[in-house]
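> So you can see what is in the structure, the chains are spelled out below.
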Amino acid sequence: MRVVQEVNSNSKLNEFVIKFANVNGTGSASANHLFAKSIFRMGVPVSPRNIFPSNIQGLPTWYEVRVSEKGYLGRKEIVDIMVAMNPQSFQSDVDSVEPGGYLLYDSTMPLDLSKYREDIHWIGIPITEICIREFSNPKQRQLFKNIVYVGALVALLKMNFSIVKNLVKDQFSGKEKLITPNVFALELGYQWVKENVSVPFSIRVEQSNKLDNKILVDGNTAAGLGCVYGGATVAAWYPITPSTSLVESYDKYCERLRIDPGSGKKKFAIVQAEDELAALGMVIGASWNGARAFTATSGPGVSLMTEFLGLAYFAEVPVVLFNVQRGGPSTGMPTRTQQSDLLACAYASHGDTKHILLFPANPTECFELAVAAFDIAERFQTPVITLSDLELGMNDWTTDKLEWDDEEQYDRGKVLSKDDLDSLDNWGRYNDVDGDGIGYRTYPGVHPDKGAFLIRGTSHDAFARYSERGDDYVEGMERLQRKFATAAAALPVPVIRSARQQSLYGVIYYGTTDPAMDEALDLLAEKDIELDAMRIRAFPFREAVFAFMEHHTRVFVVEQNRDGQMRTLLINEGDINPAKLTSVCHFDGTPITAQFIADSISLSLEELIPSVQPSKSRVSKKGA
Amino acid sequence: MRVVQEVNSNSKLNEFVIKFANVNGTGSASANHLFAKSIFRMGVPVSPRNIFPSNIQGLPTWYEVRVSEKGYLGRKEIVDIMVAMNPQSFQSDVDSVEPGGYLLYDSTMPLDLSKYREDIHWIGIPITEICIREFSNPKQRQLFKNIVYVGALVALLKMNFSIVKNLVKDQFSGKEKLITPNVFALELGYQWVKENVSVPFSIRVEQSNKLDNKILVDGNTAAGLGCVYGGATVAAWYPITPSTSLVESYDKYCERLRIDPGSGKKKFAIVQAEDELAALGMVIGASWNGARAFTATSGPGVSLMTEFLGLAYFAEVPVVLFNVQRGGPSTGMPTRTQQSDLLACAYASHGDTKHILLFPANPTECFELAVAAFDIAERFQTPVITLSDLELGMNDWTTDKLEWDDEEQYDRGKVLSKDDLDSLDNWGRYNDVDGDGIGYRTYPGVHPDKGAFLIRGTSHDAFARYSERGDDYVEGMERLQRKFATAAAALPVPVIRSARQQSLYGVIYYGTTDPAMDEALDLLAEKDIELDAMRIRAFPFREAVFAFMEHHTRVFVVEQNRDGQMRTLLINEGDINPAKLTSVCHFDGTPITAQFIADSISLSLEELIPSVQPSKSRVSKKGA
Amino acid sequence: MSYIAKSTFHHAKLPVNELGLTERDYEGPLSSLCAGCGHDSISAAIVQACHEISIEPHRIAKLSGIGCSSKTPNYYLQKSHGFNSVHGRMPSIATGANAANKDLVYIGMSGDGDSASIGLGQFCHAVRRKLNMVYIIANNGTYGLTKGQNSAMTDFGSKSKKGDENPFEAIDVANLALQLGATFVARSFSGDKSQFVPLLKAAIAHRGFAVIDCLSPCVTFNNHAGSTKSYDFVRDHNEALNRADFVPMKEEIVTQYAPGSSKEVCLHDGSVLHLHKLADEYDPSDAVEASYYLQKKQREGKVLTGLIYVNTDSPDLHEIINTVDKPLNQLGITDLCPGSKTLQNINESFC
Amino acid sequence: MSYIAKSTFHHAKLPVNELGLTERDYEGPLSSLCAGCGHDSISAAIVQACHEISIEPHRIAKLSGIGCSSKTPNYYLQKSHGFNSVHGRMPSIATGANAANKDLVYIGMSGDGDSASIGLGQFCHAVRRKLNMVYIIANNGTYGLTKGQNSAMTDFGSKSKKGDENPFEAIDVANLALQLGATFVARSFSGDKSQFVPLLKAAIAHRGFAVIDCLSPCVTFNNHAGSTKSYDFVRDHNEALNRADFVPMKEEIVTQYAPGSSKEVCLHDGSVLHLHKLADEYDPSDAVEASYYLQKKQREGKVLTGLIYVNTDSPDLHEIINTVDKPLNQLGITDLCPGSKTLQNINESFC
Ligand SMILES: Cc1ncc(C[n+]2csc(CCOP(=O)(O)OP(=O)(O)O)c2C)c(N)n1
Ligand SMILES: Cc1ncc(C[n+]2csc(CCOP(=O)(O)OP(=O)(O)O)c2C)c(N)n1
Ligand code: SF4
Ligand code: SF4
Ligand SMILES: [Mg+2]
Ligand SMILES: [Mg+2]
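Chains as they are written, first to last, in my numbering: chain A, 2 to 625; chain B, 2 to 625; chain C, 66 to 416; chain D, 66 to 416.
The set of hints was computed from the structure by calculation and includes no laboratory data. Here the structure is a predicted model, which is why all the values come from computation and not from measurement. The reader is advised that the hints may include incorrect statements.
So the derived label-pair ranges between C-beta atoms look like this [said to hold, decoys possible]:
# : chain 1 : residue 1 : chain 2 : residue 2 : range
1 : C       : 406       : B       : 209       : 23 to 31 Å
2 : B       : 419       : C       : 89        : 19 to 27 Å
3 : C       : 335       : A       : 497       : 27 to 35 Å
4 : B       : 479       : A       : 528       : 24 to 32 Å
Built from N, CA and C at the ideal position, the CB exists for glycine as well.
Produce the entire structure from the sequences given, and follow the hints as far as they go.
Spelled out as structure tokens, the structure:
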């Protein structure tokens, strides 16, 4: 059965969005991934997004794939092709297709098309029927439905079939008996289209060469790998979406790369803690004892870690913590994305505390900043929190290859060896001998007579002795400020993209807003709105960040939370006049889009240029 | 033995500071309190401060009593009279006396006075010798040393002896057998002075009448009493200095006032939880179930409560939490005072969260704001955190009498009864029917068929149903913002003290900075520096707070933390230009003094008036 | 989960209880758990038990933490208020709720991860306080919702997703609860309604902390034991792709066996559970002996099911702290506020 | 605490151990606990035990939470690194520390509040992971540092400061540890050096989780039992003023009694402890029997002391998770970093 209406004429070559509507637990995610990765292998930039419920089986789940020869990989809200496999969400899936777009559906059960919109192309494929006919195992009948529609798409989009088939072979290598039925299922879909669909399909994927130095990987995998390369030996964690796969990645690569060949024993220790408090406690214990250690969690975990973060700040123990953010507050939207834990992390814990934050914007940076986090944490003897999010952590991104310089050495910071201690007379753990706020550490067991001290969360003097004296306390707290200032100047520099001509306007953003921002700046430039853009990669901020704000009369701060948390950090830490900073906040749990940014900024500029007004009142917000 | 040198001529009548240096656990605190309260009973304003170590026995402890007919009750750093009973701290205690001041010491063991400074008056009393002679029980010999020096002071300061003796009788009523030896010990000291000290003593306490409507009580006692009057029936807590006595006060008054006469059973439930997480969980459970419930803790406890605070914010459950602040971060200075948990409380928990804060400045306000906290929490269905501190919670203050209006009714907020539910058709827990952001609650068990719902920390729609839809989420989050705005307009108004003439300068402060600020403003006025002053009592801020900043070209924000946390809240929530707000931060763990404030502000004004510059760089900091 | 909406139509012939209510009155909206999940059987048993004992649904409060198991309060007793709280912290919520209103029946639902990993401290302390509640641990020996990590109740040697054997021993919460003063301790199997429903009814009737460790197979992630079955297509598929995104529909596992007898139950993944039902003669009144017997059976590799211990004489938290008979949340300002006169006296004491 | 500074002069005649070190080499700075506090006796026992077994002080790491007991690491082994962490969370710090360096000896010091109240979860999980450490609970049945509230290990019926009897039952951590897989479980009394020191030495030598529940009287706040003594001036004084600011010097409570015998120890407040020392014939090798015996004795009102259970065959956490022999904190970049070549291969797998 086939229903194809009037054909849209402007063909979309390597530039479209396809969305799969499935039921959770039916194996669709792997089939959809197969589709996305095939396009990647054809040399075309691609960004797949898995939109899944907080559930294991039976609820609606979607998979969006943006294909963009131009390299625009942020989320785009329109749908050119919908593969509508879920009866539960069918009507709204139909509604979300762009006029002139395509809708694929399973036509095994006849559908009364007269009840549905006429401005899109309907392609019915009897998927269930095909599977029942061709497979006998009921699980295979179910699972291969997904593969059949992938095969059909290969034909419709005129993709390179052999690339797809090879990919199947790669993926199932080691489980060879799965290859034949999978390839067979692909063929079923492919052939059905070849035989039954004669009408031209205006969307196509063509081999390209845009991905020379690129890989397709998710941020958590890259960050986990970064921990391996960064020399982490102790990982303590408690499972929580969307951070779980970060530790799983570390585990997987350690099992592959960190087994002592002679004994078969492990050069790493992973402890699944009983909760996040314990996980961070283990990291603190291990770091104190001279190992590189990390944990990964999400918002609820960070909240539980708050007390221990204060201990690490005040006792000055390195901590590497990955917060893969999801929708808050509380349990919130566990399977949605947000950038809403900045304040909770920057000022975590009671008392005057501040923590170093890193903001990776793609998997390559997840790798690099994971490696860097260990150096930074040890150099400044303090917690470093890397703020990624679900969008980055759990989705595959087209990103630069990971690189490693074999000359690289770990920066373990100021640590005294036995010999150092022998040659020292008046060592005090918290003595600021270098004037940079950083004292010299010793590891337990280093020396029989020297260098031992009792580390503590209570107030102490420069010699780590308990003290309730106000001057000892103030000296320590001011030194911590000094240390923070030293850190600011040493953290990853912001990334600047200058407007083609000088501009009074700037935009500041960070993390996963990156791909949408690239596109948004181009959209704005088309309207002759030129902005200088700065992507922040670390807190505390470098001078360059303040200079950027200084040099522009108005700066938009684009972020994915309700309260404009980065803006708060900027005005608070930089004493910036809030009137200058306009929040552009998107916080409905979906990734921000270029269109949203461009619309918000241009609207705001239209309104504000005549009389520049303070505008904490957000220019726009968003419910999808 | 007696050593008195040249007498200082200008007599200090009802205006001085006396400091007692003791050893922890020797019973000095109760003797010193006896002294302070006697002065109070003489009608003279007094502010005693207990400066104690985080230890039970054997370490130095001090007790400062400021006596001020003028009513200046903030801490003053000079010492007019030192009672130096602790050999461990003797030298530094001697050093801290003002030239011309007095030092009392135990002269049982002869002291070579030639080794010590000559510019103070030395009064040696053979205290140990007297006690050994007069008492046989070794514990009495030890304990009554303290009472002996109180007796001596009564004589030296020419205090009303019968007031002191009556106070002993009041305090030991019920333990009559303790009265006689205590009074006897007082007499011993008193008589010894009368017989041995002939040189005039320039400091005196005279009966006055400044305390008509005043009481002498600590903030925790008053707050605990406020919880009784506010109708709290469930208290869940975990012991931590300096908050413990708040719950103990609640307990004590409940045991006295809330026992059902018939059955002897309790109209309250106090659960000592296993930790602070559990304590807050219990409060949330009880509040959800329609009881007024509270917990009290300090910084480390708040950090542990972070996850649950987010739940209460997002699920919209009333919470009354008292944070009696101490020196942070981490375990920090458990027996010192600070105002450094503002950020940790205002934005507690991951995701976009904000909490209501109240700032009592004296025990009377501890009582009033405790009562108010329950109304506010129930009215806005959200956590209310009352930020007191050790200085207020654990020290006795001369403060206004507590008042209660018997017409008062509790404001339980929007709660639907069975009848309400019967008459409603389309109730949704989170429906904003009134446009103020506040929905209508129901208590469990209220109705056989209607009003039940599953409360949760996961995202939900207006009908409390689980939802992962972006628009449901955004609707809820924007409503929470609306609710916060509604709250801002209904919270306790700031207290304003206007300058005698119009001033371009303002000062904002809160909590226990209050008494020092009164004095500081007078000190500044003496130098012809006039400032308008505003004491903030709640967060989110009322419009008046922003108007105040609007109307002054420079506003000093005086607080007792390192990072200027109130200033952060002001600029962030009010979009105030930071250049306008100068931080005056005192954070060494001792209470802020008038002198510190006055010096800081005048220094800053001298420097800044020519060219008004932003100054996040603090004007001064302080190590005592 | 099934896609067919439940009928809300009350069939005339549905049996009614003493209150005139049918089981429908005790149900909830459609479950979104995996087809065949043991937790759904627990929900069904709760519906049946509450119906049979004729308790008014609105007199029940349902509480839970976070996890697949903790989602279930959404799927039963829709006329009851419920609190789906945060991970591992339901016991404290329940304590506060109970303190506020002693007159409701509190049914807590938790998972093995929720109770024995993150929530172990709160669980133990609620037991120790003898909170009057029913505490069900839907024990699937895994973290269902986060896709199959081991919990502190995962059996020693059982295989994880990755194929490793769990090297840690499982915490026996039943024995733990015994040590800590629970006054009703039982174990059952979600698929054995004939045992589980009566236990539930008894637990609800019990005053004090009643814990039921209910074995409840996770059909999707549980154990992944070295399958005795030959080729498992699904496992192969999921393993190859390193993601368990294919969860085929499964049947609920049911069993029935006589008191005093043992039974082996084969789970979907091929692992085997050795259940041993307490004999009718078993005397559950001595905590020390019960704990001893439990541990001895466990050594034999047998999982005891049935009512392990019960003590009906012990006071509950309210009796311990001696609160008034009227629920505290029903006391008004006249009960609670001592008034201005008393305050004046108190002021005197501060002078 | 005493005001007289300790002499640091090494007396020529002080006995030296195999390393040539005297006890002085194992001491710490002056204690600031109350005179007579049982915790100081524990510190002294640690000094003695470590000296006697001739362990190099810097090979020991001392860990603690928060409380009077948790302050003690400051008062012994000043050549050892120590970590005075946060309340109730020392077990996780110890777990991480041990993971990083398996070669040090970890001695954890905690209180009954620190371990059994706020820290119960972490304690249980550290036990379950068979962490190789000595875990001492300085058990005074009260919160010393916060001035005398009940902990979860306070005895049922013991009187609080206010005079109320504790209505909750105490958690028996020794029995709990047994359930959870501790491989060395002992109980002792701080004042009984002849028993406690050998137990400590054995615990340090043991590989695995060795817990010692050490009864350690708080001379200031403990129990306040209905005193059998007549007039207590101090208590009267403190009660009258409702603040316990008078803490007179007290003597350390010491006792000695033979294996197999019972002894009543009278505490400063007049309460009595019934100790029963395990007989030499007692067989500590069976966990189930040990737990049974412990509980039966407890029913008789007796507190068993001695080595209750030991198992020397069980693997510790490192063996369980199979780490290399070299401590992880000693691995360098060449051990840890797979290098650029490997990364290129990994990149391939993402293409
Ligand atoms: C503080 C926190 N940490 C982690 C999580 C993630 N999480 C959700 S459910 C769960 C485990 C649930 O296991 P269990 O209680 O056994 O329930 P099951 O799903 O097996 O029924 C975890 C770790 C969370 N929601 N909150
Ligand atoms: C998170 C937190 N909560 C509460 C406290 C206050 N606190 C300090 S020590 C202590 C109890 C100590 O009791 P225990 O462990 O038995 O030690 P002891 O003093 O009796 O030796 C408490 C509640 C704290 N420091 N941190
Ligand atoms: S994952 Fe397991 S526990 Fe969760 S719903 Fe599915 S079968 Fe049940
Ligand atoms: S209060 Fe008790 S536990 Fe603390 S030091 Fe004093 S005697 Fe020891
Ligand atoms: Mg489970
Ligand atoms: Mg204790």
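> Among the hints numbered above, which are violated by the structure, and what are their numbers in rising order?
3
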